[in-house]
Each structure stands twice: as structure tokens, then as C-alpha cells.
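Top to bottom, those sequences are chains A and B.
The numbering used here applies: residue 1 is where the first sequence begins, and numbers increase by one.
The numbering used here applies: residue 50 is where the second sequence begins, and numbers increase by one.
Hints are supplied without guarantee of correctness; some may be wrong.
No more than 30 angstroms apart at the CA atoms, straight line, and that leaves these computed lysine-lysine pairs for DSSO-like [what the hints assert, rightly or not]: (1) LYS234/B to LYS45/A; (2) LYS45/A to LYS230/B; (3) LYS124/B to LYS219/B; (4) LYS278/B to LYS172/B; (5) LYS45/A to LYS303/B; (6) LYS45/A to LYS124/B.
Simulated from the structure, these hints should not be mistaken for laboratory data.
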Amino acid sequence: MTHIQTLNTRDMAKSLENGGCGECQTSCQSACKTSCGIANQQCEKANED
Amino acid sequence: MIHQYQLNGYNLVLDVYSGSVHAVDALAYDAVALLDRGLPRAEVSAALQQKYAGRPEGAAAEVEDCLDALETLQKQGRLFSPDRYADHAFDFKNRSTVVKALCLHVAHTCNLNCSYCFAAQGKFHGKAGLMSFETGRQALDFLVANSGTRRNLEVDFFGGEPLLNFEVCKQLVAYARSIEKQHNKNFRFTLTTNGIGITDEVIEWANRECYNVVLSLDGRRETNDRFRKDITGQGSYDRIVPKFQKLVAARGGKGYYMRGTFTHYNPDFTNDLFHMADDLGFAELSMEPVVAAKGDPCALTEADKPILFDQYELLAKDMLRRERAGKPITFYHYMLDLAHGPCIYKRISGCGSGTEYMAVTPWGDLYPCHQFVGDPAYRLGDVWHGVTNTALRDEFKLCNVYARPACADCWARLYCSGGCAANALHATGDIHGIYEYGCDVFRKRIECALMMKAAEALDPTLAKAPAAAANDDCGGDCDTCPSEN
Chain A
1 MTHIQTLNTR DMAKSLENGG CGECQTSCQS ACKTSCGIAN QQCEKANED
Chain B
50 MIHQYQLNGY NLVLDVYSGS VHAVDALAYD AVALLDRGLP RAEVSAALQQ KYAGRPEGAA
110 AEVEDCLDAL ETLQKQGRLF SPDRYADHAF DFKNRSTVVK ALCLHVAHTC NLNCSYCFAA
170 QGKFHGKAGL MSFETGRQAL DFLVANSGTR RNLEVDFFGG EPLLNFEVCK QLVAYARSIE
230 KQHNKNFRFT LTTNGIGITD EVIEWANREC YNVVLSLDGR RETNDRFRKD ITGQGSYDRI
290 VPKFQKLVAA RGGKGYYMRG TFTHYNPDFT NDLFHMADDL GFAELSMEPV VAAKGDPCAL
350 TEADKPILFD QYELLAKDML RRERAGKPIT FYHYMLDLAH GPCIYKRISG CGSGTEYMAV
410 TPWGDLYPCH QFVGDPAYRL GDVWHGVTNT ALRDEFKLCN VYARPACADC WARLYCSGGC
470 AANALHATGD IHGIYEYGCD VFRKRIECAL MMKAAEALDP TLAKAPAAAA NDDCGGDCDT
530 CPSEN
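Let the hints inform the model, and build the full structure from the sequences given.
Here it is in C-alpha cells:
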């Protein structure tokens with residue numbers, strides 16, 4: 001019996017090693033302008049892959 | 050830290066610090082809750098066997114199998130993972146001094162007179178004015194000079210209504226294009242407009258030069274025209290909708306958002322979103338709760354909150370229905386790319402206001418963001434002399450999720466990065482506070498967005514299902530798959 005299905009997610013702890021380039025979009029520049037959410041920003045490194 | 054919840058038939062477990070999301074059965078859902086309370090495995094096993102006695106999953110072997118699977122996830126760092134980021138939150142912000150995004154207020158004036166406008170009808174509680182080309186050029190030079198090795202630089206033409214200063218917008222883009230190669234920069238422009246001033250020339254320019262366009266429309270005619278009126282009191286809907294449709298069609302339907310605001314008068318905001326999708330043909334949608342002072346008739350109330358929560362759930366379920374039908378729509382706050390989303394640095398460094406992101410007034414003054422413009426206490430400097438109020442900048446540098454005591458126990462802290470400093474200031478008088486109403490709404494949206502991701506991964510009737518779920522390592526070298534350690 002399968003009890004757990006794990007979604008495909010980025011490993012946050014691992015991104016500590018290779019993240020932080022700072023090239024991704026500033027959250028407020030996209031659409032909302034009145035609230036802060038960063039989770040929907042795309043990683044620029046992923047876009048280069 | 051664990052967050053678990055049930056929505057749309059899914060039992061979901063979020064492991065906050067690894068970012069892992071697990072869709073589990075009832076047995077595993079209960080097991081995680083018991084383990085999270087610190088109970089030893091033997092006690093958890095006994096409790097589960099008792100609760101599920103007489104059912105197949107209550108057999109000792111099944112319970113142990115489930116607990117083994119959870120233990121494996123914990124060893125992989127995907128469950129009950131520790132917080133390893135607090136020190137980095139402060140180190141990272143201390144060494145980050147580059148500016149990479151400017152909100153250019155090219156026009157502190159507007160051709161609409163929306164009473165709910167946080168910018169006080171475009172004048173930001175000050176005088177009206179237009180940015181000169183010289184001031185704008187200096188702002189771009191300031192951005193290039195302070196952007197370090199960052200290649201992608203973002204500039205938003207904002208207001209007021211930026212198209213009231215369209216000639217300067219055009220000149221500034223031409224100037225940016227003339228200098229970007231020599232400085233190894235890539236300017237990405239956004240135009241945020243109310244639509245009144247859109248012409249064929251604007252459409253051609255925006256679709257050639259702007260990476261993103263944000264088109265302000267609140268939804269149904271009666272909703273939009275309740276607030277979005279001109280100075281004679283006439284609603285704007287009939288004038289702007291055809292222009293928006295023409296612009297979006299010419300753009301190929303990409304790189305835009307229809308951006309609406311909902312208020313106490315339309316907590317049933319999904320009807321506005323569905324109107325934009327079904328009746329007007331727009332697929333890229335954003336809808337924000339109004340920012341209004343407590344007591345303002347349009348401000349959202351506590352009584353509105355359960356209505357809003359129902360609306361967000363309804364929206365998520367309907368978006369899945371549309372995906373199944375092959376006619377998906379995008380809602381800005383439900384856009385999550387779990388596999389290739391932001392790294393931990395992005396998630397702990399806050400929105401960047403006052404550090405990597407600043408607003409520029411028509412007269413060249415710098416503010417931490419567009420929402421602080423007009424408050425002299427938050428003036429950072431100007432585009433000629435740079436940031437002169439360095440104490441204020443340093444305060445914003447450390448204004449992240451770890452600097453806000455109220456965020457310490459929040460499971461959504463790595464999705465909002467601490468929230469909006471301006472909203473916190475308006476709600477509590479302190480940029481390190483939180484805007485609780487906004488937090489409640491934010492958490493609901495993330496729960497809905499994560500549920501959609503689970504559905505897309507696991508529901509065979511959704512097209513994305515085969516590719517999205519992955520318990521296995523594909524062998525690639527990105528940081529998406531489980532660690533061996």
C-alpha cells in the first residue's frame with residue numbers, strides 16, 4: 001500500500017549551496033504591487049537549463 | 050516545521066524547511082501529526098493500530114511500513130527537516146548591496162480618479178508632476194552603476210498613469226537599449242497602465258519593448274466602474290476593455306497580467322476573474338485584496354474573510370476543471386513551480402524593497418518601494434547622490450522573515466519571505482510587524498496553490514500528471530531530487 005506520494009520539489013537545503021545568484025525577478029515588479037509573495041518567482045538558473 | 054491540511058480530497062503535508070510536499074493517505078496523515086507531537090515510534094504505531102483496527106491499513110505490518118516510509122523521508126531531509134537558514138538570512142543581507150530593480154514613477158498624475166487608489170489618485174499625497182527624460186536617464190545610470198554583476202535589470206513604468214508621460218517612457222527605453230550591451234546588462238521593462246491612454250503606437254511599443262505589461266481591470270463592468278472612474282465620474286470599463294483585448298491579442302497572449310483589485314463590495318471576486326476569462330478572453334489573471342485603512346467603507350472586514358477563503362478554494366478547483374478541459378487560466382498567486390522556483394536565498398531575503406528594489410519619484414527621489422513614496426520619513430536619497438539615508442537602507446536590508454518575531458511559527462514563511470514592509474508599517478506602525486489579515490489570505494492562497502500542484506501531479510485526468518510526481522531521482526545534477534544523505 002502506498003501511503004505517501006512526494007511531489008517533485010526543489011531541495012531548499014541543497015539550494016543553499018548553489019543558489020543566491022540574485023538574477024530572478026523582484027517580486028513586486030511582476031503583478032501584485034500590494035503584497036509580497038516570492039514563491040511564484042522563477043529561478044533564472046532553471047531557465048538556463 | 051510541519052504544516053498539514055486537508056483540501057479538495059487531498060491530505061497534504063508540507064515540510065517547511067526542505068520545501069517538500071507530500072500527498073498522503075489518512076494513516077500517514079495521522080502518523081505525521083503524532084510524530085510531530087514528539088511521540089516515540091512505538092507509541093505512534095500502537096495508537097495508529099488502535100485507531101485503524103479492523104481496517105486493512107490498521108494491520109501492524111501496514112503501520113510499520115508507513116512509519117518506515119516516513120523515517121526514510123526524514124533521513125532524506127524531506128520531513129521534519131531543521132531550520133538551517135537563520136544565520137544566512139542576516140549574512141546574505143549584510144553583503145548584498147546591489148540595486149537591480151526600479152519602479153519609475155514617470156507620472157504623478159492620472160487620467161482616472163479611483164477613490165480606492167493607494168497612491169491618492171496618482172499624486173501620492175503630494176504634488177502632481179511628470180518625470181523628465183534627464184531625471185529618468187539619471188535613474189537608469191544610477192541603476193547600472195549600482196547593479197554590480199547583476200545582468201537582468203528590471204524597470205517598471207508606474208504612476209499615477211505612466212502613459213501620460215509616454216514620450217519619456219519611449220526615450221528611456223531607447224536610452225537603456227543604447228547602453229545595455231556596453232555594460233553587459235539586460236533591461237526588462239514592465240508597463241503598468243489603466244488602459245485609457247493605449248493607442249496603436251503604445252501597443253506596438255509595449256509589445257516590442259516590455260517584458261511584462263500589467264493591465265488594470267477589476268472585472269465585471271459594475272465592479273470595475275464602482276471605483277475606476279474618470280474625473281467626470283464616468284466608468285472606464287467600456288473604454289479600456291477593447292484596448293486591452295487588442296494589446297493582448299497583438300502580444301500573442303503572453304507576458305501580461307490583467308490585474309484587478311477586490312474590495313468589501315465584491316468579496317465574490319471569482320466572478321470578476323471568470324468574467325475576464327470567459328467573457329473577455331483573458332487567461333493571465335491577478336486579483337489583489339484592496340489596501341485600505343481600517344474603517345474605510347471599501348476595506349475588507351473579518352466577516353469577509355470566510356467568504357474570501359471559500360472564493361480561493363472555488364477558484365483553485367475551477368482552475369483544475371479548466372485544465373482538464375484544455376483551457377487553463379493562470380492566477381498570479383497560484384503560480385508555483387515547486388521544482389524550479391526560488392532558491393532559499395530568495396526565500397529568506399525578503400522582497401528587496403529599499404535594497405535591490407527602489408521607487409523613483411518624478412523628481413528623482415528614492416524610496417524603498419512605490420508604497421512608501423510620499424512619506425518623507427522613508428526618503429532614501431536621490432538618483433544623483435545615491436542612497437544617503439544609509440541607516441534606513443540598512444534597516445531594510447535586515448527586514449526579512451527572520452527579523453519578524455511574528456513569523457517565527459508561521460509555516461508559510463518561506464513562501465512570502467516575511468511579507469510586505471509597507472503593509473506591515475500601515476498595519477502596525479513598524480516595518481518589522483506583520484499585516485495579519487494579509488497573512489491569513491496569503492496562507493489560504495498557498496494552501497490552494499499546493500493542493501493544485503498535488504492534483505496536477507497525481508490526478509490522472511490532468512495532463513500534467515505523468516511528469517509532475519517524482520519520488521525517484523532522475524540522475525540530473527540540479528537540486529530538485531532527494532539528497533542521498
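Results of checking the hints against the structure:
As the CA atoms of LYS234/B and LYS45/A are separated by approximately 16 angstroms, the hinted pair is consistent with the 30 angstroms bound. Proximity of LYS45/A to LYS230/B is assessed by CA-CA distance (about 21 angstroms); at most 30 angstroms being required, the pair is judged to hold. The straight-line distance between the Cα atoms of LYS124/B and LYS219/B is roughly 55 angstroms, outside the 30 angstroms bound, and the hint therefore fails. For a cut-off of 30 angstroms, the pair hint linking LYS278/B to LYS172/B stands: about 16 angstroms separates their Cα positions.
Simply put, LYS45/A and LYS303/B have alpha-carbon atoms about 21 angstroms apart, close enough for the 30 angstroms limit, and the pair holds. This hinted pair checks out: LYS45/A and LYS124/B have alpha carbons roughly 27 angstroms apart, not beyond 30 angstroms.
Hint violations for this structure: number 3 only, all remaining hints satisfied.
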